[in-house]
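Colleague: From just these sequences and the hints, can you work out the full model?
Taken in order, these protein sequences are the chains called A and B.
For the first sequence, this note's numbering assigns the number 7 to the initial residue and increments by one for each residue that follows.
For the second sequence, this note's numbering assigns the number 134 to the initial residue and increments by one for each residue that follows.
Simulated from the structure, these hints should not be mistaken for laboratory data.
Treat the hints loosely; a few may be bogus.
Claimed, not checked - Using C-beta positions, here's what the derived DEER-type ranges look like: (1) B:Asp-782 with A:Ala-424: 17 to 25 Å; (2) A:Ala-424 with B:Leu-762: 50 to 58 Å; (3) B:Ser-743 with A:Pro-445: 56 to 64 Å.
Just so it is clear, CB atoms sit at the ideal spot from N, CA and C, and this is done for glycine as well.
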Amino acid sequence: MDFLADINNAIPEAALAGFGLVGLLLGAIGGDRTAGLIRLLAAVALVAASVLTAYQFQHPGAADGIAAFASATSPDGLYRVTMFTLFAKTVTYALAALALLMSGGFLKTSQMERYEYPLLIVFGSLGAGLMLSANDLMTLYVGIETLSLSSYVLAAFRRDSLKSAEAGLKYFVLGALASGLLLYGSSLIYGFTGGTAYAVIAAAPISVGLTFGLVFVVCGLSFKASAAPFHIWTPDVYEGAPAPVVAFFSTAPKIAAVALLAHVMFVTFGPHEEAWRQIISIISAASMLIGAFGALMQNSIKRILAYSSISNVGFALIGVAAGVGNGAASVLVYMTLYVIATLGMFGGVLALRRGGRAIDNVSDLNGLVKQKPGMALGLLVLIFSVAGIPPAAGFWGKLQVFQAGLQADMTWLVLVGALSSVVSLGYYLRLVWAMFMKPSAGELDKTDISIGIIVLVTSLLMFPILTVTIQMLLETAARASGG
Amino acid sequence: MTFQEIAAIIIVLSPGIAAAIAGLGQRFLGDKGSMAITTVLVVSAAVLAGLLFFGQVFGHHPEGGAHAHTIVLSRWFDVGTFVVDWAIRLDSLSITMLFVVTSVSALVHVYSIGYMADDPHRARFFAYLSLFTFAMLMLVTADNFIQLFFGWEGVGLASYLLIGFWYKKPSANDAAIKAFVVNRVGDFGFALGIMALVYMIQPFAGVDYAAMGIHHFSSVGFDTVFNVIVNNAPVLVGGSGAPVAIQDVAFDFLGIHVWGLEVAGVLLFIGAMGKSAQFFLHTWLPDAMEGPTPVSALIHAATMVTAGVFLVCRCSYIYEHTVVAANMITIIGAVTCFFAATVGLAQNDIKRVVAYSTCSQLGYMFFAAGVGAYEAAMFHLFTHAFFKALLFLSAGSVIHGMHHEQDMRNMGGLRKKMPLTWAMMLIGTLALTGVGIPAVDGLHLGFAGFFSKDAIIESAFASHDAYAPLAFWLSIGAAFLTSFYSWRLMFMTFEGKTRADHHTYDHAHDPPMVMAVPLILLSVGAVLAGLVFYDAMVDHHEAAFWGSAIYNAPDNHVLHERHEVPLWVLLAPAICWISGLIFAVIFYLLAPQIPRKMARNGGPMHSFLSHKWYFDEIYKFVFVKGTALLGDLFWKIGDKKIIDGLGPDGMTGLTKASAGGLSKLHTGYIFHYAFVVLISAVIFVAFVMFGQGR
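Modeller: Structure below.
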């Protein structure tokens with residue numbers, strides 16, 4: 007196959023990789039003085055990647071299902087763009103850009119303004135893009151590791167902080183374990199099907215070895231998506247890592263990981279649906295319940311975020327468990343709405359500072375409405391959206407996955423979802439209660455303008471006035487899922 | 134539009150406008166402004182209503198006095214056969230009520246200017262008074278049951294607000310709540326009655342309803358309901374099945390086979406019982422005396438409490454076709470009139486005596502309607518409004534003059550101090566006890582109550598209804614008791630040596646002009662209302678006057694047959710009031726030590742009466758305590774133990790426990806985490822293998 011045509015399919019990732027290398031060079035020459043510039047350029051590069059992906063999405067004739075980089079072991083190509091992954095990649099890149107943009111103020115005030123930071127985010131996003139575009143377990147692994155290695159470093163980015171270093175180390179060790187599971191599963195699959203290409207695996211008959219491999223692959227991917235019971239690293243890592251890194255973790259890689267899990271299930275193991283359906287629904291139910299119950303006793307906002315993201319991954323997995331026909335679109339809708347709201351919500355909360363120190367306790371939010379009424383109102387909308395309270399947009403996402411679950415006759419899973427929604431209100435409303443009902447906990451520092459803009463934009467997006475956007479999102483997601 | 138229609142619209146709407154202006158704008162208007170606006174508007178409504186009423190009685194309309202028609206203001210509901218208008222129905226029934234309501238209301242407004250002169254919340258008081266008047270007018274001019282119900286609830290609300298007007302007094306609040314709650318029992322019946330009508334009266338496509346004078350079928354419209362009943366038209370019960378003639382409609386209720394019209398009639402009457410404080414539902418009325426006295430005169434004597442009587446007369450079309458419901462009205466009315474009179478004997482609060490007297494007189498009106506003499510009931514309603522308002526306002530001026538002393542045991546000898554009040558009270562008493570010259574042709578003279586009450590007693594005797602004799606004898610007894618307690622009130626208050634402390638007695642005085650004028654005007658009514666309107670309302674011209682407003686079945690000739698009663702029946706009421714007077718003179722003027730001794734010894738009879746037949750105590754035991762007991766049961770065992778225990782509390786306990794357990798899972802040790810990951814992977818593999826092995 008023509009190399010130029012191949013590269014054309016991978017143009018967003020190629021652009022990111024190119025920029026990453028150039029930025030590395032620039033940083034090596036200019037040092038940390040160029041950090042601000044590189045951060046800006048990295049954001050531009052990510053936006054460009056997002057736009058390019060969106061362009062590919064809009065012109066499906068040139069992209070849909072076209073494989074690239076054929077090799078001896080993978081005649082169908084190592085790399086493939088589909089509508090489903092294009093949609094996920096667009097959102098991933100855009101959110102990575104936003105997460106990067108809003109981190110500026112925090113990085114400056116906590117002396118973390120280094121040029122490696124934006125580059126790590128770029129490489130991480132590149133890894134996310136790669137793993138989504140994989141058409142072969144090898145490419146998949148390379149993409150995952152690119153993302154994971156960047157994430158380990160990011161978690162430990164605040165080197166002088168003991169907690170941050172600990173978080174990085176924990177993440178790394180457990181991540182390595184998960185990678186081992188993934189690789190072990192891949193090798194089993196290779197052994198029993200004779201190939202690593204998706205098409206080969208899909209065509210192979212089901213066997214004990216394949217099932218074994220499938221389960222290990224699911225375990226490894228669930229770890230990346232922080233789905234229970236492989237979520238165990240999440241609260242500790244989120245608590246230790248710097249705030250903007252947490253905002254990044256819970257948005258761009260999150261949607262990428264869930265979309266990847268869905269993609270692998272739907273495409274690679276599509277014909278073996280019976281083998282994974284039960285597993286996925288158990289993981290989904292466990293994630294929802296653990297996410298809902300685990301957060302109730304927490305006081306750290308970051309830990310609450312961690313459990314919230316576990317729980318929400320569980321909701322998205324209802325869509326995966328429902329199967330490709332019923333649930334593919336709902337997964338995309340749910341995750342998109344969730345990550346946008348989360349970015350604004352926790353980005354906003356974690357950017358609040360008192361006396362130069364980032365806040366991390368729920369009680370630090372006390373009386374926010376008196377000091378920053380606009381911020382409090384925006385956060386209210388976002389929290390309602392994440393909790394799925396109508397008329398905020400998050401409700402529509404939840405409705406979509408529940409409908410998918412019901413169509414697939416998984417009523418029990420939907421009931422578990424409804425139950426955990428109710429329980430999780432216990433901690434979402436606690437945040438609201440603190441902001442609106444409690445007396446003020448003291449003067450807060452001035453917030454960064456970029457944070458203000460993010461909160462404003464995301465809360466507007468989540469606000470029911472913009473149901474038009476929901477409609478658009480639903481249609482687009484349906485198109486992405488071949489509907 | 135004719136003058137009549139324009140006048141009617143102004144009469145109905147102006148108190149509403151007055152209430153809105155005074156109620157919402159009292160801050161800007163101030164006390165004087167609010168008082169002026171409400172009084173002027175209500176007085177002008179009263180003048181117009183007077184014109185309408187006298188025109189109706191004495192005028193010579195080309196269509197005849199009985200001509201009834203409806204002014205539709207706007208449509209309210211239009212759902213299938215449930216069609217409801219905001220309307221003003223003009224016929225002799227509503228015009229009579231318009232006149233009674235607006236004239237008494239206007240006089241009470243004027244009287245209140247004096248009576249409430251020192252109250253800091255006068256503006257609110259006047260707004261409530263006008264609101265009440267408006268609601269009452271909506272009630273009496275309704276052309277359908279729904280607007281009637283609207284007015285019904287409106288007067289209930291105004292009554293609640295006015296009883297509790299002095300809201301800082303706990304007893305006033307209690308009384309207001311009691312009135313509201315007891316009325317709720319009645320209103321429940323009323324609403325069910327309306328629903329029963331809606332359920333039964335559904336049109337059948339094959340019937341030409343227009344030929345019966347029904348131009349727009351509405352299950353709750355008076356025209357439709359009454360015409361369907363009179364014509365015994367076929368209807369579709371519940372909107373389906375085969376058509377049944379309305380008078381033959383029957384259904385099973387709680388396993389009992391009942392006639393549809395009887396059910397509707399009984400339920401509607403239960404509503405009337407609540408509002409008109411009839412036996413079993415009367416307990417709120419005496420307590421309602423906690424409100425300011427003008428309120429008692431307007432609402433709890435002259436107008437609102439008579440709404441039940443009005444309802445029964447309005448529904449004469451229904452009750453003329455029922456037996457059980459009509460008998461129930463007769464029995465309840467007769468028992469009430471006797472029961473309340475006995476309780477009145479032993480009360481010492483001047484207002485409570487008058488309140489029980491009201492209750493008793495309402496009983497007269499009800500059994501009159503029950504035996505078929507709706508005209509006599511309305512006539513008594515009409516005259517009673519004047520003399521009872523007069524009695525209340527006179528009592529009010531006694532209370533006013535005595536610095537809010539209400540206990541008759543602390544009065545006496547007030548005739549010299551307040552001669553005008555005494556004269557007014559005397560006229561009221563003469564009217565109430567029914568003083569007049571009976572049984573002499575050509576010399577038919579007497580006070581208002583004489584004409585109306587005697588008409589009722591004669592009708593009860595003349596009627597062929599099964600329970601009419603009971604009503605007759607009870608009413609004779611009640612007439613005697615009425616005379617006794619009325620004169621007792623007169624003597625205890627005005628005669629003998631004073632028992633008031635000398636400071637109060639020295640300062641006792643007649644009311645100012647603004648209060649005296651309404652009294653004098655009402656006394657004119659109390660003297661003349663019977664004499665002047667006897668002919669039109671219950672005698673030769675009654676058929677022409679009432680026309681289609683009141684329906685009498687073809688075999689109902691009560692009003693004519695009452696002229697043929699034996700002489701002793703005519704004389705009986707007169708003997709009653711004379712003997713009552715004699716007993717009162719003996720007990721309270723000549724030998725006042727006898728009743729005092731009786732009260733002190735507190736025999737069973739006396740305590741039975743002074744405790745009002747122990748109704749409040751029984752109700753408290755059965756309903757209040759019973760409800761509290763039931764509530765306790767549901768609260769402590771049902772809710773706290775079962776629902777909370779298994780529900781919210783149990784759930785939150787479980788949630789907290791599991792949340793705590795989950796938190797413990799996070800030890801922070803990396804090898805624990807790795808263990809969790811690996812063991813989960815193993816479990817999943819085992820699960821899948823097991824699942825596939827099956």
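Colleague: Can you give the numbers of the hints that this structure goes against, from lowest to highest?
Modeller: Of the numbered hints, just 2 does not hold.
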